[in-house]
Every structure is written in C-alpha cells, then in structure tokens.
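**Q** Could you slot chain A onto chain R? The hints should help.
For reference, the chains in residue letters:
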Amino acid sequence: MRRVLLAVAVVLAPGALPAAAAAPAGAVMPLTIQFAAFAPPRVDVLAGDTATWRNVSGRMHTVTAADGAWTSARLSTGATFSQRFDVPGDYQYYCQIHPFMRGEVDVHRLLLTTPSEPAAPGRPFVLAGRAALPAGTVVTLEEDAGAGGRPAATATVGAGGGFRASVVASASASFRAVAGADASPPVQVLVLDRTVAATARRDGRRFKVTARVSPASPGALVVLQLHLRERFGWWPVHRARLNRASAAAFRVRLHRRVKARVVLTLADGATVLATSPVVRVGTRR
Amino acid sequence: MRGRAATAAAIVALGTAALAAAVPAPAAAAVREYWVAAVPVTWNIVPNQRDAIAGTTYAPALTVIPTVVYRRYTRGWRRPLPNAPRGSSNQNLIPGPLLRARVGDRILVHFKNRDFAFRRPHSMHFHGVRYRPSSDGAYLPGFSGRGADVRPGQTFTYRLDAVSDSAGVWPYHDHSPSMDESIAGGMWGFLSILRRHQRAPDREFEVVLAPMGQFQTIDGRAFVGNTPVFTSHVGQTVQWDVMAMGSEHHTFHVHGHRWVAADGTDHDTQTVGPAESFAIGWREQDPGTWLYHCHVEAHMMAGMIGIYRVRPRPR
Chain R
1 MRRVLLAVAV VLAPGALPAA AAAPAGAVMP LTIQFAAFAP PRVDVLAGDT ATWRNVSGRM
61 HTVTAADGAW TSARLSTGAT FSQRFDVPGD YQYYCQIHPF MRGEVDVHRL LLTTPSEPAA
121 PGRPFVLAGR AALPAGTVVT LEEDAGAGGR PAATATVGAG GGFRASVVAS ASASFRAVAG
181 ADASPPVQVL VLDRTVAATA RRDGRRFKVT ARVSPASPGA LVVLQLHLRE RFGWWPVHRA
241 RLNRASAAAF RVRLHRRVKA RVVLTLADGA TVLATSPVVR VGTRR
Chain A
1 MRGRAATAAA IVALGTAALA AAVPAPAAAA VREYWVAAVP VTWNIVPNQR DAIAGTTYAP
61 ALTVIPTVVY RRYTRGWRRP LPNAPRGSSN QNLIPGPLLR ARVGDRILVH FKNRDFAFRR
121 PHSMHFHGVR YRPSSDGAYL PGFSGRGADV RPGQTFTYRL DAVSDSAGVW PYHDHSPSMD
181 ESIAGGMWGF LSILRRHQRA PDREFEVVLA PMGQFQTIDG RAFVGNTPVF TSHVGQTVQW
241 DVMAMGSEHH TFHVHGHRWV AADGTDHDTQ TVGPAESFAI GWREQDPGTW LYHCHVEAHM
301 MAGMIGIYRV RPRPR
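Read top to bottom, the protein sequences are chains R and A.
So the first sequence is numbered by the numbering used here: it starts at 1 and just counts up by one.
So the second sequence is numbered by the numbering used here: it starts at 1 and just counts up by one.
Read the hints as simulated data drawn from the structure, not as lab findings.
These figures come from a predicted structure and were not determined experimentally.
Treat the hints with caution; some may be incorrect.
To be verified - Pair ranges (Cβ atoms, derived):
(1) T289/A x G180/R: 53 to 63 Å
(2) P152/A x T32/R: 22 to 32 Å
(3) V31/A x R74/R: 26 to 36 Å
(4) P185/R x P141/A: 38 to 48 Å
(5) G26/R x V31/A: 47 to 57 Å
(6) P274/A x R74/R: 51 to 61 Å
(7) A298/A x T32/R: 50 to 60 Å
(8) P152/A x T275/R: 46 to 56 Å
Unchecked claim - Listed next, the stretches of chain R that the computed footprint assigns to chain A, with coverage defined by at least 3 CB atoms under 8 Å from CB atoms of chain A:
(9) 174 to 181
(10) 269 to 275
Stated by the list, open to error - Going by beta-carbon spacing under 10 Å, a handful of chain R positions derived as facing chain A:
(11) P124
(12) S166
(13) V168
(14) Q225
(15) L228
(16) T265
(17) L266
Where is the CB? At the ideal position from N, CA and C, for every residue including glycine.
Chain R with its partners taken away, still in its complex shape (with noise of 0.2 Å):
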C-alpha cells in the first residue's frame, strides 16, 4: 500500500450501512473574499455549520446579512470573519463597501456529499451525507434519472449526524436525501460502464502486463491481481494510476505459473469497477 490517501476512501455494500463517522453537524465551511467576489459565491450548508470568510485580496471587505441581521467588522488582507447558521433558509450577503459582491448560504438539514468519483453500472456506490436530525431519523435517498424520484434506498442518521447508504445506479442520476419535509440539495452521480482489457508478455525475465480501460479514465485507479493458491484467492500485488491514454503497465517476476487479471477500482484500491479477462503470467523455474 504505496499510496499515500488523503481523503477518506468510500466504501460500498449493499443496503443499509452503519452511519459514517462523517463530520457531525458544527463543520467549518471555508470560503474567500476575492478582490471583488465571494468564493464561492453560493454554498450549501448543514444547519449548525459556520462559514468562514477570508479575505484574500488587497483590499478591504465586509460581509453583511442582506436583512442587516449580522455583519463583520471591515476585514482587511488575510482577515477572517465566522458565522454560524442554525435555523435552514436561504441567507442573502454583501459587502458594504462593493455592494455589488453578494453572496447566499443555503442552510439545510439534510446534505448530501457529492460523490468523488464515478460509479459502475448495476454495482453498489455508497452516498454518504449529514443531518441535522436526531439520531435514529430514518433518511430516504430518492434517484432522480429524469423520470422523477422514487426511493432507492434507506440510511439512518448516527450519532455524530452522519448517514450512508449504498444505491445501485444502472445509469448518471441526480440523488437526494429526504426525511420528511427536509429534502438536500440534489447531487449528481455520473455511471460510466467501462471495461478493462489486459494482455501478458514476457519482458526479459519477468511479465509485462499492459491494462487499457474504455471509455478512457485517466488517473483512474487499476490494481493487478494475482490468484495465489496461499492467498486463497485474488492477491493484489501492484496497483497504478492509468496515464493520459487510459492505460498502465505492471511488471511481475515469478517462478511460476499463475493467473493473473486487472481491475478497475474506487480510491480504495478494493472495490471494483471493472475487471479484465484473465491473463497468464510466470515462468516455471
């Protein structure tokens, strides 16, 4: 396990799955005061959540509640202003000195998390997401491929207010998180049904094998596997990122005769996506 990972991998089974140890409710939303905008200039966050401005520009800012409810002090370059939002609603900002920046934070009490990476058609993909509901609230996750939503799965909200469950998209669908009237923001999950071909051949005194996957997925994550009678089953032995023509090159050297194939994974390195036909690879000695 080479690879050092940085973000929390997602993970997948079916049904209902324990809730994460996603952040609980009280995240931090950062967000920047540019030279004559706010960045971003909408975001969506859970109720209970602080947004926090810096301004990163040269000049001097405010960020003031449209309704005059709450306001900073003039923020000068690197300054930070924090407001925390606890009742759900739309707030409007601005800048009192650039009246024309202005800026909306959404405040919600369900989220969903927007998925880092594509899906597999017809296989598990986890949505994970927070709430500011009681622990034990049952959430529905409805997919929407553009007949309208219906039910796809079930989460129940965990002690820290995070929720996940696993869906099986068979095609790109937008998702959302519904318990009773409080419905997230849609987020869009993007199904690419791709393949993975492989072929073996003897480089010197090891084993080249080449992976292509289409439709092309570059810096996608292939794992080479090798079934090993003492693993009891397929052994992951290297994994690569695929280069900018959607391939990767592995070398093996082994004593003898195994099977070999290439999968198509999540940042996991573990769930599949995709697998290759079986390849041979090793030399008896």
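**A** Below, chain A without anything else, positioned relative to chain R:
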C-alpha cells in the same frame, strides 16, 4: 516436531530472549539510527475479500479503512524502506519498522509526523529499553515534552539504550494524545534486541495480535491468506516475535511445533496480554503448510489466523 526428542533438539527460547547463541557475533556497541514517519494510508484488512475457511466474502466497505502507520525511511526521510527486513514478513506498513539492536547499543529513532490527512499529533513510546523522560513519548499534560506530542510536519529524535536487561522483543506504539485512534489503526511495532553474543535467527516473524475494525487481526490483516504467509525451510532457525495490542488477551498457537517457555515447560500455545511480548524459536525440521492462530475461538473466527509454510531442506 513430533516427539520429545525432537523438542529437546529444538533451540530453546527463554522468556523474552530469543535464540541461543550459535556463533559469536560482533559485540561492540553501536549507534543504530532509524528514520521513521507517521504516514496516512488506506489499509485493506482483508485484501482477498474472503474468509476462505468459513467460505464467506467481505465487501470492501467492511475491510478498507483510512489509517495512519509508521513507515521506515532512509536517512533524512528521503526514500521509503520496507518496514520488515527480508525474511521477516511478507507485508509492509503494519506493523511498523522492525527496530533491531543488540545489548549495549545506543538507538536513535528519528521520527517525523507526516499525518497531513487526519492532522493528529503522534509519538513513539518504547518498551524494554532505557531512556530519559524526554524520550518517553507518552503524553502527560504539564510534564511531557515535545516527543510526546509531535505535530504534523514536526520531527523528534528518541534516544534509547539497549541495556543488559533489554534483550528480547518489545512493543513500541503511539502514546500521544491520539493514542487510542492510532493504536486501533495499527501504529505499533517491535523492538528486537539480541544479547551481546547472540546469533540472529535465519527467519524472524512478527505477529501482532490486535483488533482492527470489526475483525481480530494479525499484523492488521484477517483470515488465512490475508495475514502474513510466513515461510522457512528445514534447517533454518526461526524466531516468532509475538505481542498483543488493544484490550484483550490472546493465546498464540502454532500447529505442529512446540517450544520451551520462560518457566522451562514445553508449550504449543502461549498467552499474551496487551503490550506483553515474547519471542519463541526453534530450528525448523517439519516441512509442510501449518496454521498459526490465536486460540481464543472468537478471535480465530474473526480473523486471527494465518499460515506458515516450511519447505524441505534445499538440495
């Protein structure tokens, strides 16, 4: 080993000490330097996604965790090195680097916290060796120093002495404010200290019995094939370094072999509690594929089991 005579022929391991001296080894005290960093990784507890004995499969959702591990590096943390020397294990990252020394040595462990994922403080706390409080690595508000609370990006050098009663194998682990999460996530490893004239074994196997996720693991892996597949051949001296981390006791058992424990009695199963450790060993003479496991049944069923393969003597 299939009889008393065979047992008697086995190389005796006494207490935490390792194998009996066979050949004099260099006894001059040395300064041994190790470069270690705390690094975030994704760790799959069950890479083949199955319990082959029970015939059940596990989805990655249950087996893959983001965690932080100790990783060995070259001087100045330039390039990563394998945590286990060749022959000591066939996996990397968990347990942490096998820190070898000999009685009389000064050990310098240069530690760097590269946990930029969780951004937790980390430390290294060593059992079995002598050190000043500043190298204790254990967080105690108002008393402990920098070495007990190494922040992301910071470094600290622990200065340890392998003294006369340090021979044997000992745990080290995170003892910083993030100790609980770190130990649950695999931030532990072995110090392995030889006596002054003791010969190093041909094979040294590291076995850490610890819970991880919903599994009971050996070196952070669960079920046969996932746990280390240890190998040796007939005629080699083998040493098993065994310890437990967490909050449970374990009974370590190797099939087809026996050893002599600290009290002089023969054992094929030996109890080990949290942060306890022992080394056992013998000269191998039984080819075949053997099981090793924790004999607490619930632990074994939850993954604390592996295989050990002994090849015939090479011709």
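**Q** Now tell me, hint by hint, if it's right for this structure.
**A** Comparing the hints with the structure gives:
{"no.": "1", "hint": "T289/A x G180/R: 53 to 63 Å", "verdict": "holds, 58 Å"}
{"no.": "2", "hint": "P152/A x T32/R: 22 to 32 Å", "verdict": "holds, 23 Å"}
{"no.": "3", "hint": "V31/A x R74/R: 26 to 36 Å", "verdict": "violated, 58 Å"}
{"no.": "4", "hint": "P185/R x P141/A: 38 to 48 Å", "verdict": "holds, 43 Å"}
{"no.": "5", "hint": "G26/R x V31/A: 47 to 57 Å", "verdict": "holds, 49 Å"}
{"no.": "6", "hint": "P274/A x R74/R: 51 to 61 Å", "verdict": "holds, 56 Å"}
{"no.": "7", "hint": "A298/A x T32/R: 50 to 60 Å", "verdict": "holds, 52 Å"}
{"no.": "8", "hint": "P152/A x T275/R: 46 to 56 Å", "verdict": "violated, 38 Å"}
{"no.": "9", "hint": "174 to 181", "verdict": "violated (count 0)"}
{"no.": "10", "hint": "269 to 275", "verdict": "holds (count 3)"}
{"no.": "11", "hint": "P124", "verdict": "holds, 8 Å"}
{"no.": "12", "hint": "S166", "verdict": "holds, 7 Å"}
{"no.": "13", "hint": "V168", "verdict": "violated, 13 Å"}
{"no.": "14", "hint": "Q225", "verdict": "holds, 9 Å"}
{"no.": "15", "hint": "L228", "verdict": "holds, 8 Å"}
{"no.": "16", "hint": "T265", "verdict": "holds, 8 Å"}
{"no.": "17", "hint": "L266", "verdict": "holds, 8 Å"}
In summary, the structure is inconsistent with hints 3, 8, 9 and 13 from the numbered list given earlier, while agreeing with the others.
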